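Asks: Take a look at the letters that make up each chain.
Number of protein chains: 2
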Amino acid sequence: MNNKNQKMVSEITSMETDFAQWYTDVVKKAELVDYSGVKGCMIIRPYGYAIWENIQKDLDARFKKLGHENVYLPLFIPESLLQKEKDHVKGFAPECAWVTFGGQNELAERLCVRPTSETLFCDHFKNIIHSYRDLPKLYNQWVNVVRWEKTTRPFLRTSEFLWQEGHTMHETEEQAREETQKMLEVYRDFYADTLAIYAITGKKTEKEKFAGAEETYTIEPMMHNGIALQGGTSHYFGDGFAKAFDITYTDRENKIRYPHQTSWGLSTRVIGAIIMSHGDDNGLILPPKVAPIQTVIIPVAQHKEGVLEKANELKERLSRKFRVKLDDSDNSAGWKYSEYEMKGVPLRLEIGPKDIENNSCVLVSRLTRQKQFVSLDNVEDEVEKALRQIHDQLYERSKRNLEAKMFEAKTFEEFCDVAANNPGYIRAFWCGEAECEEKLKDATGGVKSRCIPFDAPAPKDNDVCVCCKKKAKHLVVWGRQY
Amino acid sequence: MNNKNQKMVSEITSMETDFAQWYTDVVKKAELVDYSGVKGCMIIRPYGYAIWENIQKDLDARFKKLGHENVYLPLFIPESLLQKEKDHVKGFAPECAWVTFGGQNELAERLCVRPTSETLFCDHFKNIIHSYRDLPKLYNQWVNVVRWEKTTRPFLRTSEFLWQEGHTMHETEEQAREETQKMLEVYRDFYADTLAIYAITGKKTEKEKFAGAEETYTIEPMMHNGIALQGGTSHYFGDGFAKAFDITYTDRENKIRYPHQTSWGLSTRVIGAIIMSHGDDNGLILPPKVAPIQTVIIPVAQHKEGVLEKANELKERLSRKFRVKLDDSDNSAGWKYSEYEMKGVPLRLEIGPKDIENNSCVLVSRLTRQKQFVSLDNVEDEVEKALRQIHDQLYERSKRNLEAKMFEAKTFEEFCDVAANNPGYIRAFWCGEAECEEKLKDATGGVKSRCIPFDAPAPKDNDVCVCCKKKAKHLVVWGRQY
Chain A
77 MNNKNQKMVS EITSMETDFA QWYTDVVKKA ELVDYSGVKG CMIIRPYGYA IWENIQKDLD
137 ARFKKLGHEN VYLPLFIPES LLQKEKDHVK GFAPECAWVT FGGQNELAER LCVRPTSETL
197 FCDHFKNIIH SYRDLPKLYN QWVNVVRWEK TTRPFLRTSE FLWQEGHTMH ETEEQAREET
257 QKMLEVYRDF YADTLAIYAI TGKKTEKEKF AGAEETYTIE PMMHNGIALQ GGTSHYFGDG
317 FAKAFDITYT DRENKIRYPH QTSWGLSTRV IGAIIMSHGD DNGLILPPKV APIQTVIIPV
377 AQHKEGVLEK ANELKERLSR KFRVKLDDSD NSAGWKYSEY EMKGVPLRLE IGPKDIENNS
437 CVLVSRLTRQ KQFVSLDNVE DEVEKALRQI HDQLYERSKR NLEAKMFEAK TFEEFCDVAA
497 NNPGYIRAFW CGEAECEEKL KDATGGVKSR CIPFDAPAPK DNDVCVCCKK KAKHLVVWGR
557 QY
Chain B
77 MNNKNQKMVS EITSMETDFA QWYTDVVKKA ELVDYSGVKG CMIIRPYGYA IWENIQKDLD
137 ARFKKLGHEN VYLPLFIPES LLQKEKDHVK GFAPECAWVT FGGQNELAER LCVRPTSETL
197 FCDHFKNIIH SYRDLPKLYN QWVNVVRWEK TTRPFLRTSE FLWQEGHTMH ETEEQAREET
257 QKMLEVYRDF YADTLAIYAI TGKKTEKEKF AGAEETYTIE PMMHNGIALQ GGTSHYFGDG
317 FAKAFDITYT DRENKIRYPH QTSWGLSTRV IGAIIMSHGD DNGLILPPKV APIQTVIIPV
377 AQHKEGVLEK ANELKERLSR KFRVKLDDSD NSAGWKYSEY EMKGVPLRLE IGPKDIENNS
437 CVLVSRLTRQ KQFVSLDNVE DEVEKALRQI HDQLYERSKR NLEAKMFEAK TFEEFCDVAA
497 NNPGYIRAFW CGEAECEEKL KDATGGVKSR CIPFDAPAPK DNDVCVCCKK KAKHLVVWGR
557 QY
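Chains as they are written, first to last, in the numbering used here: chain A, 77 to 558; chain B, 77 to 558.
Think of the hints as simulated: they come from the structure by calculation, not from any bench.
Treat the hints with caution; some may be incorrect.
Since the list can't tell identical chains apart, any single copy or any two copies may satisfy a pair.
[Claimed, not checked] Below are the DSS-like pairs computed for lysine-lysine, each with C-alpha atoms no more than 27 Å apart in a straight line:
{"#": "1", "residue 1": "K517", "residue 2": "K486"}
{"#": "2", "residue 1": "K412", "residue 2": "K461"}
{"#": "3", "residue 1": "K401", "residue 2": "K258"}
{"#": "4", "residue 1": "K141", "residue 2": "K401"}
{"#": "5", "residue 1": "K133", "residue 2": "K365"}
{"#": "6", "residue 1": "K162", "residue 2": "K213"}
{"#": "7", "residue 1": "K401", "residue 2": "K140"}
{"#": "8", "residue 1": "K140", "residue 2": "K412"}
{"#": "9", "residue 1": "K166", "residue 2": "K515"}
{"#": "10", "residue 1": "K285", "residue 2": "K486"}
{"#": "11", "residue 1": "K140", "residue 2": "K105"}
{"#": "12", "residue 1": "K115", "residue 2": "K166"}
{"#": "13", "residue 1": "K412", "residue 2": "K141"}
{"#": "14", "residue 1": "K213", "residue 2": "K401"}
{"#": "15", "residue 1": "K365", "residue 2": "K397"}
{"#": "16", "residue 1": "K140", "residue 2": "K386"}
{"#": "17", "residue 1": "K162", "residue 2": "K115"}
{"#": "18", "residue 1": "K141", "residue 2": "K386"}
{"#": "19", "residue 1": "K213", "residue 2": "K391"}
{"#": "20", "residue 1": "K380", "residue 2": "K430"}
Remember, it's a predicted structure, so these values are computed and weren't measured experimentally.
Just need the whole structure built from these sequences, with the hints factored in.
Replies: See below:
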């Protein structure tokens, strides 16, 4: 019996008491991360990294299916290159880490550790795009990036993080716009079908869009406590960067034109979204499709004859279709239950002498804790069904959470009242002015526009801005964010 | 017809004329890399990156099968952390890139962009290793690293490169030594079974070992031109870092002990080894197991009825088992042949009206250029057999190349004579003194000890050092290197 570990499992703050502390407890106790000696940089431990690997595998297949190719561009951006697009450098320069020495020698030009790679891709595109035959270019890369952050939290905000960044170039504005929306839809599908997370999607306001973009689209899942997490973004750049970098191509009519550009990214933050969407007071609950262990097999009374043998046989059988772990350590069954609950393993399979006698085993859902006895004859099907059910239940719960915490506000007072008393999102009309966004943020201590949802109704003639009461231009969803 | 591309295929220097230029031509014309605006950093293009992805997938499965887990440690190493192990910092500090500013603020302590991560792993191991129950720790990570290089060449020597670095901790010296050798053997297997490259393996001399290691083992494939490439290394550290970082564990007898450590790495250099082991004057030749396209289908007289239909049907069938591309562009067949030869696609499948009439197609080996007519009925088996054959032939050729260029030298004069006139490796006895290594290197303009091969015979009583004529301690293989 491992006393250190037993103690570990019990020490977790409840969500109600202190959500932030609950989060910190979970990432640490489920062994997702460790803190490093480098301020703001985290160590992703095997269990956390295995989740990221499953996420990568799933998303990468989606990208490749749509014709995207993976590449690798350098870690460093020369300062002069970063400065080529003015809005972009304004947005990113304040959070760059700068390399100034190579070996013993001071560099003639500072190098920025990439915070994002639009400028590098443009520099490369300039070399390889000449004719419409070279378009579209549909590139992606899986890399680390650095943004110097003052306050950091594992996964949610770290000075270094891992992500994928897609960068594409197209002949026409129409094609680039289509790509921008298509890739956001890939993210939405991925959140729903793979992570079991429901989210709203839409367009960012001018104020909240990416530095250098014409338009930014976003997916905004709501965490269990009503706070938003920007879960992935997709940007339409028009030909702004192309002009700044002088990237041109000869079109089908033999005219010289600027190509149209997009980029889109999703990062290790998504693991934060999984934790805060699905977790509970017993720890993580992982969506089956990315769980490193989908089913843990716990032998009951494992010293009795035949139990371990049967458990191993089950492991063998189930491993052909699922990610399975058999825990035959000498920790108590109770300890094991807590341990794998903390780690969010979606399904537990118990098997003991009585079960074997009945040619059955017990399946226990991490989510509902419901037990069911199932026959060993078709245990593969039963496990599959149970995992699918857990996925569906997680998704429904995530949807219910967002819907239950979606409020409306017609007036400034209502808006402030909801913001003060009801954690969640607020639907409210807006005039289109950044000034009103600023005012609402200040009045509420941080509520910002999340997006103009794709499914938002157009304002009617008598709809007015929740802030200034001028004629409304858009329905906006507002909320606090991580 | 694409004139730009047609020109491209023809412009390649022959290996005999200028091997270095041939290499540069190939990496560029096969579209493996592009040069970036950042000195010494390369852009890995889709075709090059796809090779790396296949390498990663293969090696990663080998590591995981042996119980290794992937993790992610930070990009940055605080200067004080790097300095904890004295030999290590001495070796790496001269080639570090240093971050000195975060945003607008000068950092209190400089951060090194990781050149390798022993120090970070030790800092983490200190937190997570307490008891023998926590051992072994078998970790690996796939990351980018930076070593500031003066002269750079794509894949072979770049300031930033991609690699995997394994880092493990063990209870005993014996277990750590076993891991060190086991992982070198994984590399040897991988070179032979996956890359079709024969290589010698052995132990580095004191002078050539890794900074901070007690022992370094290496795999040293020989390039087509007789020059060595250090293809992967595995290090045994003893408890040196553990002591420097104060990592201890409680052993089975309840005593406090230092764990024993290893690390091992293989980088994108391996792509350079593939190019220079297998390529020829027509471009790349890729080993089938990592080739992004294993078989390219070229329809002949594709405008004729039924040809494209049949070609598509074949693509459909073969794609179930192989990585296949059908090129139905309107480039000429001749242009296509050159293009896919340049790109090293191991097998070409031609299908035209006559073939269809005979229910057959033509398979052409990239290596031997031999054509064979095979029945469409069992084309999958024929393709599989042909790919296996190409792999075997590549391996045999690589072995013959190394064996034909393996020379012996008994005296200093012989050694210098061989070094001057016969590109390749030299087997020669050595006394064990670094002074002699230095002297041989100076006398030959760069021939260094590659390793003491595992299969080297022990020196007999009358065997003497090729340099100083004192009693020999080891048989060493010597050679120039990339």
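Asks: State for each hint whether it applies.
Replies: Structure-based check of all given hints:
{"no.": "1", "hint": "K517 with K486", "in the structure": "within (16 Å within a copy, 82 Å between copies)"}
{"no.": "2", "hint": "K412 with K461", "in the structure": "within (24 Å within a copy, 49 Å between copies)"}
{"no.": "3", "hint": "K401 with K258", "in the structure": "between (37 Å within a copy, 25 Å between copies)"}
{"no.": "4", "hint": "K141 with K401", "in the structure": "between (31 Å within a copy, 15 Å between copies)"}
{"no.": "5", "hint": "K133 with K365", "in the structure": "both (11 Å within a copy, 20 Å between copies)"}
{"no.": "6", "hint": "K162 with K213", "in the structure": "within (24 Å within a copy, 48 Å between copies)"}
{"no.": "7", "hint": "K401 with K140", "in the structure": "between (31 Å within a copy, 15 Å between copies)"}
{"no.": "8", "hint": "K140 with K412", "in the structure": "between (39 Å within a copy, 24 Å between copies)"}
{"no.": "9", "hint": "K166 with K515", "in the structure": "within (23 Å within a copy, 56 Å between copies)"}
{"no.": "10", "hint": "K285 with K486", "in the structure": "within (25 Å within a copy, 72 Å between copies)"}
{"no.": "11", "hint": "K140 with K105", "in the structure": "between (35 Å within a copy, 24 Å between copies)"}
{"no.": "12", "hint": "K115 with K166", "in the structure": "both (24 Å within a copy, 25 Å between copies)"}
{"no.": "13", "hint": "K412 with K141", "in the structure": "between (40 Å within a copy, 25 Å between copies)"}
{"no.": "14", "hint": "K213 with K401", "in the structure": "between (42 Å within a copy, 18 Å between copies)"}
{"no.": "15", "hint": "K365 with K397", "in the structure": "both (12 Å within a copy, 25 Å between copies)"}
{"no.": "16", "hint": "K140 with K386", "in the structure": "between (41 Å within a copy, 25 Å between copies)"}
{"no.": "17", "hint": "K162 with K115", "in the structure": "between (29 Å within a copy, 24 Å between copies)"}
{"no.": "18", "hint": "K141 with K386", "in the structure": "between (41 Å within a copy, 23 Å between copies)"}
{"no.": "19", "hint": "K213 with K391", "in the structure": "between (45 Å within a copy, 24 Å between copies)"}
{"no.": "20", "hint": "K380 with K430", "in the structure": "within (11 Å within a copy, 70 Å between copies)"}
Going down the numbered hints, you'll see the structure goes against none, and every one checks out.
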